[in-house]
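As given, the protein sequences belong to chains A and B, one line each in that order.
Sequential numbering from 1 applies to the first sequence in my numbering.
Sequential numbering from 1 applies to the second sequence in my numbering.
Treat the hints loosely; a few may be bogus.
Unchecked claim - Pulled a few chain B residues facing chain A out of the computed Cβ check, cut under 10 angstroms: (1) L47; (2) A169; (3) A171; (4) I172; (5) T179; (6) A196; (7) V213; (8) R216.
If you're looking for bench data, these hints aren't it; they were derived computationally from the structure.
All C-beta atoms, glycine included, are put in the ideal place defined by N, C-alpha and C.
There are 2 protein chains.
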Amino acid sequence: MPDTHSPHAIRARIRNGEHSGNTSGLAPGFVQCNLVILPQAHAHDFLRFCQANPRPCPLIAMNPSPGDPTLPALGDIDIRRDVPRYRVFESGRAGDDTADIQSLWREDLVVFALGCSFSFEEALLADGLDVRNVSEGVNVPMYRTNTPCTPAGPFSGNMVVSMRPFLAADAIRAIQICTRFPSVHGAPVHLGDPSAIGIGDLSRPDFGDSVSVKQREMPVFWACGVTPQVALENARLPFAITHSPGCMLVTDMRNSQLAIL
Amino acid sequence: MPDTHSPHAIRARIRNGEHSGNTSGLAPGFVQCNLVILPQAHAHDFLRFCQANPRPCPLIAMNPSPGDPTLPALGDIDIRRDVPRYRVFESGRAGDDTADIQSLWREDLVVFALGCSFSFEEALLADGLDVRNVSEGVNVPMYRTNTPCTPAGPFSGNMVVSMRPFLAADAIRAIQICTRFPSVHGAPVHLGDPSAIGIGDLSRPDFGDSVSVKQREMPVFWACGVTPQVALENARLPFAITHSPGCMLVTDMRNSQLAIL
Numbered sequence: 001m002p003d004t005h006s007p008h009a010i011r012a013r014i015r016n017g018e019h020s021g022n023t024s025g026l027a028p029g030f031v032q033c034n035l036v037i038l039p040q041a042h043a044h045d046f047l048r049f050c051q052a053n054p055r056p057c058p059l060i061a062m063n064p065s066p067g068d069p070t071l072p073a074l075g076d077i078d079i080r081r082d083v084p085r086y087r088v089f090e091s092g093r094a095g096d097d098t099a100d101i102q103s104l105w106r107e108d109l110v111v112f113a114l115g116c117s118f119s120f121e122e123a124l125l126a127d128g129l130d131v132r133n134v135s136e137g138v139n140v141p142m143y144r145t146n147t148p149c150t151p152a153g154p155f156s157g158n159m160v161v162s163m164r165p166f167l168a169a170d171a172i173r174a175i176q177i178c179t180r181f182p183s184v185h186g187a188p189v190h191l192g193d194p195s196a197i198g199i200g201d202l203s204r205p206d207f208g209d210s211v212s213v214k215q216r217e218m219p220v221f222w223a224c225g226v227t228p229q230v231a232l233e234n235a236r237l238p239f240a241i242t243h244s245p246g247c248m249l250v251t252d253m254r255n256s257q258l259a260i261l
Numbered sequence: 001m002p003d004t005h006s007p008h009a010i011r012a013r014i015r016n017g018e019h020s021g022n023t024s025g026l027a028p029g030f031v032q033c034n035l036v037i038l039p040q041a042h043a044h045d046f047l048r049f050c051q052a053n054p055r056p057c058p059l060i061a062m063n064p065s066p067g068d069p070t071l072p073a074l075g076d077i078d079i080r081r082d083v084p085r086y087r088v089f090e091s092g093r094a095g096d097d098t099a100d101i102q103s104l105w106r107e108d109l110v111v112f113a114l115g116c117s118f119s120f121e122e123a124l125l126a127d128g129l130d131v132r133n134v135s136e137g138v139n140v141p142m143y144r145t146n147t148p149c150t151p152a153g154p155f156s157g158n159m160v161v162s163m164r165p166f167l168a169a170d171a172i173r174a175i176q177i178c179t180r181f182p183s184v185h186g187a188p189v190h191l192g193d194p195s196a197i198g199i200g201d202l203s204r205p206d207f208g209d210s211v212s213v214k215q216r217e218m219p220v221f222w223a224c225g226v227t228p229q230v231a232l233e234n235a236r237l238p239f240a241i242t243h244s245p246g247c248m249l250v251t252d253m254r255n256s257q258l259a260i261l
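Start from the sequences and build out the full structure, keeping to the hints where you can.
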């Protein structure tokens, strides 16, 4: 049987232009990462931003040195070609998405691979919980909060959170499960009253799609990987690259390896 | 310096009639237990009840054999004299409290020592959380729920819960902390809307005292050690003995020994 579902095989297809879309559901069991690529001049500040805000910005790996396009900690990766779609920022503004950044590569670029909610959603689903954005087949709803991140250099902004509704007993279970995975956002940061963190209307997310909240369910909020993208826009760097939303870096690391216990 | 604060010294004072009241705050760091003493004829059913309902009835230790008044797993204990006040039940009805059950002791009595919320409250306080019943100096509020326990023989009844209010972020932290201590009720069983578990009015607890719930706080509910007392009353046994509320068995076991990780 040919190897078509391994992270290695999926990255090969992406590299060859055979897959250019969403990575949701690909290579089940393996970590997918948010991606931020910055010139070295700003890398130290961004690293400090991640260190100071680990819930929204859980750093899993970096390239060994500036300009090196590999991520040996996560697999045989060429970061210039192994993500289905990239988003290029100039002066803090997103330009067109592109499937390949070889022509944009520079010797001063630093790569940050950050944890992503796909990993903890898999753990919640494996426990039998109903992850509403999955069962309704939409993107998770995300909201800007009034909770400021700790700034670092030019990087600042309020935390963005994702929301999944649960009955109280399932919310407690979700907290227990996600506590095991601090490097993919960890335990929720809030639950219950959305206005307590500055969210006005759950049915109107700032990013992603709305999901239904059933009777007796409460909204549960996790720190979200869109937070570093917002910080990146606020920083108005001359040049930066991220993944395109939903088109993540598929790695050889297993989700179970991220469990702290 | 004389040994006055060790569990051994406290039990000696209780045994000598020098302390007959509440044990709250005594021997910090050490486990205190709820106590149930039953004739052997009903002990197997009660043990099954504990096994089937571990959240409200977390069994920590039993006497080595019926009629044996010691609990070697918990210290040099004479269970007939080492609890400040006992409550004696006849046909499911509580009679007078007594400081000594030597005259009531029988060769068929089985002793159950159950985990108590004092242990997890200590862990919450050590983490800097405001445990409202402690900061307000009252008994924790307790409520009858509409959640039935799994019955076993004559033992049945709805779960009783204790309530402590927290801000959402502190509630999440409390869930993480208490998850480490399954043998003292473990993680909360509910949070948020009291009516979801059949509680009408938070300001009117069925047992204990009411506490203030501040703005933005949510009620967090734990399975409570009063549950086995209710099951005992429902069973209408000819004869049973428990501790008197708040007057617990002070043991040599450290709270930290109960942490599963």
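Against the structure, the hints come out as follows:
| no. | hint | result |
| --- | --- | --- |
| 1 | L47 | violated, 26 angstroms |
| 2 | A169 | holds, 7 angstroms |
| 3 | A171 | holds, 7 angstroms |
| 4 | I172 | holds, 6 angstroms |
| 5 | T179 | holds, 5 angstroms |
| 6 | A196 | holds, 5 angstroms |
| 7 | V213 | violated, 13 angstroms |
| 8 | R216 | holds, 5 angstroms |
Violated hints for the displayed structure, listed by number in ascending order: 1 and 7.
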